[in-house]
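Chemist: Fit chain B to the given chain A structure using the hints.
One letter stands for each residue in the lines below.
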Amino acid sequence: MIRVENLWYTYDGGNYVLRDVSLEIVEGEIYYILGDNGSGKTTLIRHLNGLLKPSRGRVLVDGLDTRETPVSRLAEKVSIVFQNPEKMFYMPTVIEEISTTLRNFGVENPDQRAEEILREYGLSRYRDRSPFTLSGGEKRILSIAIMTGWSPRYLVLDEPTIGLDGDYRRRLQWAIDRHLSRGGAVVIVTHDMELVLEREGRVVILSGGQVVYRGYTQELIDLDPGQLGRYGLVKPTYARSTSYMKTSGVIRDYHGYCGVFAEVAGVLDNV
Amino acid sequence: MYRIGLEAFRFEERDAALYRLDPRAKLLVAFIYMVLTILVNSQAIQLLITALLLATLLLLGRLGRKLVKNLVTLAPLMTLVFLANYLVSGDPMASLLPTQKLLNLVMSLNTFFLTTNPDDFAITLEKMGMPLTITLAFSLSLRFIHVLARVLTEIVEAQLSRGHRLDTGGITTRIRNYTAILIPLIIISVRKSISVAETLELRGFREGARHTPFTTMKIGFWDVIYVAASLSIATALLIYGGAVETALLEILTRHLEYMAI
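From first to last, the protein sequence lines stand for chains A and B.
Take any residue in the first sequence, note its place counting from 1, add 718, and you have its number in the numbering used here.
Take any residue in the second sequence, note its place counting from 1, add 691, and you have its number in the numbering used here.
Just chain A, same shape as in the assembly:
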């Protein structure tokens, strides 16, 4: 379990970008961290593997205090996939990019395992290409493939759907589902409400560095658009249509219909 206890953080010693944030991340669950730009979402996740040390409060990863534990040890448990995948690439080929990371974490038979990962993520045809020559979506999926290779306990994804089309989005969903089915926890920082509503999970909304909302995805859909808009969030079209139908008295079972519409929207996306 990751415990964030009364976390405060300042970059310059003056203005706090995180203010008294507390959070528990439990294995087997999915967490969505939402909020407008500059609300402190990325700063919060950079605390989870010790890249940033709290100015006040503490973060415990399976009982290890991030202030006293080196990043290399925490990174073994908490894997963070950052927004721009290019910033992690430096090897000449895709296969070496994966195997190098597996070696860093002491995975047995790293070359063989890297080949398996390539197959699992459908990236085999790019095996010997430079990661820098891949498309935006391919780079993102490759970064997820790299960062899940050693089966970390906690997977943190920062805006994972940016630049992903239907096929790569399905591969992302598959990676999330597999991580959850193996008993891991997934933390997703996003503005993509469709992604949030695709799966039941816990929601934390940050604004001005503070937690302003805690709940579940199904409760989130009941919030009025104005309230969501203040946090930089927009309900997907199908959710707005269902809300309208409910208030007009056309339907009663809001969540049921919302699920159906979400599925229809998903099918239409893939046509």
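Any given hint might turn out to be false.
Facing chain A, a subset of chain B residues (Cβ under 10 angstroms, in silico) [to be verified]:
no., residue
1, L751
2, R753
3, R756
4, V842
5, V847
6, A849
7, G854
8, R856
9, T859
10, T870
11, P875
12, L876
13, I878
14, R894
Chain A residues, not near chain B, derived (Cβ > 12 angstroms throughout) [claimed, not checked]:
no., residue
15, E723
16, S740
17, G756
18, R764
19, R831
20, I864
21, G884
22, R896
23, R900
24, G919
25, G947
Keep in mind the hints are simulated off the structure, nothing from the lab.
For every residue, glycine included, the Cβ atom is placed at its ideal position computed from N, Cα and C.
Modeler: Only chain B this time, still in chain A's reference frame:
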């Protein structure tokens, strides 16, 4: 440390006297101090120049915290300069002079670069008759420092997150470890510069084009005072350097004797 690195040299807007002065006046004063630093070979006078520059930066620029970060970043280079000179000369006092000169050169430049917006710097150069292509290149390079600092931080964080260790092993291994930082940094920097060039073209920029700057510059009363005071001090130190040095040493000796008693 890597986070402090380039941030220490970045311009940040502040409400202080030095920031309100005309960039041309600041550039001229920085140049005066640099020339003085290069010409003077007395340690006592170099110390006096350090004190003058410190007073300028702290009192007129309110740059205390920024200056500390700046000097912390420069400390390894200054140590290296001192050690290299000491290895050659074997005299610690003589090795101190080039280190002092480096410190004063950096602080002279700080009076201009830490207190001048990159855009104003470009306009200053234009006023001095430089072509727009060169002034724009200068201003873009200065702005790029901040971008590069952010990219560098993100690359280091991404590599640490994938289990890459930067500070382990012998010196060769450590250098090799840093290729994981350098390769993405170079590629991203090149891509960013190409995208800036393309954006300039898309916005109709062409060589030899003339433009009207958004802000105009005017030399005011305090600019004249700032330049005149700095020029007078520099001239006095150059002409009466010997006498000033003797006086300074005498004061220092008396002070030390008094402390000993």
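Chemist: Now tell me, hint by hint, if it's right for this structure.
Modeler: Hints, verified against the model:
{"no.": "1", "hint": "L751", "in the structure": "violated, 22 angstroms"}
{"no.": "2", "hint": "R753", "in the structure": "violated, 14 angstroms"}
{"no.": "3", "hint": "R756", "in the structure": "holds, 8 angstroms"}
{"no.": "4", "hint": "V842", "in the structure": "holds, 7 angstroms"}
{"no.": "5", "hint": "V847", "in the structure": "holds, 9 angstroms"}
{"no.": "6", "hint": "A849", "in the structure": "holds, 4 angstroms"}
{"no.": "7", "hint": "G854", "in the structure": "holds, 3 angstroms"}
{"no.": "8", "hint": "R856", "in the structure": "holds, 6 angstroms"}
{"no.": "9", "hint": "T859", "in the structure": "holds, 9 angstroms"}
{"no.": "10", "hint": "T870", "in the structure": "holds, 6 angstroms"}
{"no.": "11", "hint": "P875", "in the structure": "holds, 5 angstroms"}
{"no.": "12", "hint": "L876", "in the structure": "holds, 9 angstroms"}
{"no.": "13", "hint": "I878", "in the structure": "holds, 6 angstroms"}
{"no.": "14", "hint": "R894", "in the structure": "violated, 24 angstroms"}
{"no.": "15", "hint": "E723", "in the structure": "holds, 22 angstroms"}
{"no.": "16", "hint": "S740", "in the structure": "holds, 23 angstroms"}
{"no.": "17", "hint": "G756", "in the structure": "holds, 14 angstroms"}
{"no.": "18", "hint": "R764", "in the structure": "violated, 7 angstroms"}
{"no.": "19", "hint": "R831", "in the structure": "holds, 14 angstroms"}
{"no.": "20", "hint": "I864", "in the structure": "violated, 6 angstroms"}
{"no.": "21", "hint": "G884", "in the structure": "holds, 27 angstroms"}
{"no.": "22", "hint": "R896", "in the structure": "holds, 19 angstroms"}
{"no.": "23", "hint": "R900", "in the structure": "holds, 19 angstroms"}
{"no.": "24", "hint": "G919", "in the structure": "holds, 23 angstroms"}
{"no.": "25", "hint": "G947", "in the structure": "holds, 28 angstroms"}
Checked against the numbered hints above, the structure violates hints 1, 2, 14, 18, 20; every other hint is satisfied.
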